[in-house]
Amino acid sequence: QKEVEQNSGPLSVPEGAIASLNCTYSDRGSQSFFWYRQYSGKSPELIMFIYSNGDKEDGRFTAQLNKASQYVSLLIRDSQPSDSATYLCAFAYKLIFGSGTRLLVRP
Amino acid sequence: GAGVSQSPSNKVTEKGKDVELRCDPISGHTALYWYRQSLGQGLEFLIYFQGNSAPDKSGLPSDRFSAERTGGSVSTLTIQRTQQEDSAVYLCASSSLAGAIGEQFFGPGTRLTVL
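So the protein sequences, as listed, match chains A and B.
End of the first sequence sits at 99 in the numbering used here; the numbers just go up one at a time, nothing left out.
End of the second sequence sits at 96 in the numbering used here; the numbers just go up one at a time, nothing left out.
Hint data in this document are derived by calculation from the structure and do not stem from the laboratory.
Mixed in with the good hints, there may be bad ones.
Computed spacing ranges between beta-carbons, pair by pair [as the list claims (entries may be wrong)]: (1) Gly(-16)(B) - Arg20(A): 26 to 36 Å; (2) Glu(-5)(B) - Arg52(A): 43 to 53 Å; (3) Pro36(B) - Lys59(A): 45 to 55 Å; (4) Glu(-5)(A) - Ser77(B): 19 to 29 Å; (5) Lys(-4)(B) - Pro6(A): 18 to 28 Å.
Computed from a predicted structure; not experimentally measured.
Glycine included, each C-beta is placed from N, C-alpha and C at the ideal position.
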């Protein structure tokens, strides 16, 4: 079993819709979780981090963490074409990355 | 100051040659990480430096890979006797906080192609 599982996508949503990206992890001891966005040919950039159960909101982005279910998600409200990218979830200090979900936002 | 910088941006080498990749972290960042990303894949952790502590080398795929960090700043990743499967983008990141919470800032990467 991979340490981090993500659906590779692509996840296609219309402009203005909510995009929901999901990630499961295997290490129950993990304390910190990160969502990175990576545009094609570019380096990852941090969008959100979360380490407490529940929701954390930042602008159009909401991260949700459920440690009991070993599940972390990222919601993007009012999706824009500029949000089209690959979204990587990761945990712990030596970031263990999922393979990423490619998001396409249709104008 | 400036962000994380890496050099060279692209490196093409022949199988069996040694290569050195350089990373300049953000000034004052004590933690430095190396990852690699193969085409269409996620990021793979390679090695982690934190201050003067012994590095965490648990991600290095073979003994052909080594890294050092001089003076707590610049780091060099060396790959000896390169193989075609070493072709990937090698990313360096730095962080101002040790442990789990520190946000990691990534450099632009070095694209390595082994012919």
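Results of checking the hints against the structure:
1. Gly(-16)(B) - Arg20(A): 26 to 36 Å: holds (34 Å)
2. Glu(-5)(B) - Arg52(A): 43 to 53 Å: holds (47 Å)
3. Pro36(B) - Lys59(A): 45 to 55 Å: For Pro36(B) and Lys59(A) the Cβ distance comes to about 29 Å; the hint is violated.
4. Glu(-5)(A) - Ser77(B): 19 to 29 Å: The hint (19 to 29 Å, Cβ to Cβ) holds, given that Glu(-5)(A) and Ser77(B) are roughly 26 Å apart.
5. Lys(-4)(B) - Pro6(A): 18 to 28 Å: violated (47 Å)
Hint violations for this structure: numbers 3, 5, all remaining hints satisfied.
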